[in-house]
Amino acid sequence: EAAVTQSPRSKVAVTGGKVTLSCHQTNNHDYMYWYRQDTGHGLRLIHYSYVADSTEKGDIPDGYKASRPSQENFSLILELASLSQTAVYFCASSDKSSQNTLYFGAGTRLSVL
Amino acid sequence: QQQVRQSPQSLTVWEGETAILNCSYEDSTFNYFPWYQQFPGEGPALLISISSVSDKKEDGRFTIFFNKREKKLSLHITDSQPGDSATYFCAAREGPNYNVLYFGSGTKLTVEP
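Keeping their order, the protein sequence lines are chains A and B.
Going by my numbering, the first sequence opens with residue 616, and the numbers climb by one from there.
Going by my numbering, the second sequence opens with residue 696, and the numbers climb by one from there.
One or more hints might be untrue.
What the hints assert, rightly or not - Okay, derived cross-link-like pairs now, DSBU-like style, lysine-lysine, Cα gap no bigger than 30 Å in a straight line:
| no. | chain 1 | residue 1 | chain 2 | residue 2 |
| --- | --- | --- | --- | --- |
| 1 | A | LYS711 | B | LYS763 |
| 2 | A | LYS711 | B | LYS766 |
| 3 | A | LYS672 | B | LYS766 |
| 4 | B | LYS752 | B | LYS767 |
To be verified - Non-contacting residues of chain B with respect to chain A, defined by C-beta distances greater than 12 Å in every case (computed):
| no. | residue |
| --- | --- |
| 5 | LEU706 |
| 6 | VAL708 |
| 7 | ILE715 |
| 8 | GLU753 |
| 9 | GLY755 |
| 10 | ASN762 |
| 11 | HIS771 |
| 12 | GLN776 |
| 13 | GLY778 |
| 14 | SER780 |
| 15 | VAL795 |
Bear in mind the hints are in silico, worked out from the structure with no lab data behind them.
Think of the CB as a built atom: it goes at the ideal place given N, C-alpha and C, for glycine as much as any other residue.
Go ahead and model the full structure; you've got the sequences and the hints to work with.
Next comes the structure, spelled out in structure tokens:
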């Protein structure tokens with residue numbers, strides 16, 4: 616079964632601090648994604664990646680950077696965390712051959728104070 | 696702007712009733728529409744999907760109805776069960792860039808016993 620693991624599961628950060636959210640998948644999928652979930656907005660795409668060492672901007676990339684050092688790992692980096700970045704963040708992976716079915720991790724709840 | 700819209704935001708039905716969740720989209724290049732189900736504390740998971748060449752897709756108690764001309768679709772859950780209580784997201788895939796999914800804001804379904 617597909618497995619996407621996110622760490623940490625929750626985090627409290629201070630405004631202006633650096634935050635790194637990590638994602639690891641054992642699906643052997645080429646594609647990985649970072650989504651943000653806010654009440655009333657559903658899931659919004661931040662960054663995604665087709666292949667290691669390459670990332671693409673999604674719909675709301677401002678204030679976020681992404682890193683894909685290997686096929687299995689995909690990180691989301693908030694260089695200067697802000698209050699507005701308080702949300703639940705989901706990582707997902709998909710295989711081109713599976714009609715783009717996304718397999719999501721359990722999410723990271725980030726609170727910026 | 697929101698590419699995929701869902702209504703209602705929340706819905707309560709009694710056990711055994713049919714729940715109807717609505718979705719509409721803007722971009723005529725969208726050609727694949729998955730519905731994801733999310734339970735509290737978990738990531739979304741694929742429930743059922745339809746492509747634009749079909750007008751109906753059925754999987755057990757879950758049925759998608761698709762109207763390409765009106766750019767609308769709906770998810771019908773017949774004989775609703777308390778275990779169906781979850782948030783349901785409609786999503787759409789852009790034709791040319793098929794690995795990017797756009798999600799609606801979700802419908803929170805509660806099934807009362």
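Evaluated hints:
| no. | hint | in the structure |
| --- | --- | --- |
| 1 | A/LYS711 to B/LYS763 | holds (25 Å) |
| 2 | A/LYS711 to B/LYS766 | holds (25 Å) |
| 3 | A/LYS672 to B/LYS766 | holds (27 Å) |
| 4 | B/LYS752 to B/LYS767 | holds (14 Å) |
| 5 | LEU706 | holds (15 Å) |
| 6 | VAL708 | holds (21 Å) |
| 7 | ILE715 | holds (19 Å) |
| 8 | GLU753 | holds (17 Å) |
| 9 | GLY755 | holds (18 Å) |
| 10 | ASN762 | holds (21 Å) |
| 11 | HIS771 | holds (20 Å) |
| 12 | GLN776 | holds (23 Å) |
| 13 | GLY778 | holds (19 Å) |
| 14 | SER780 | holds (17 Å) |
| 15 | VAL795 | violated (7 Å) |
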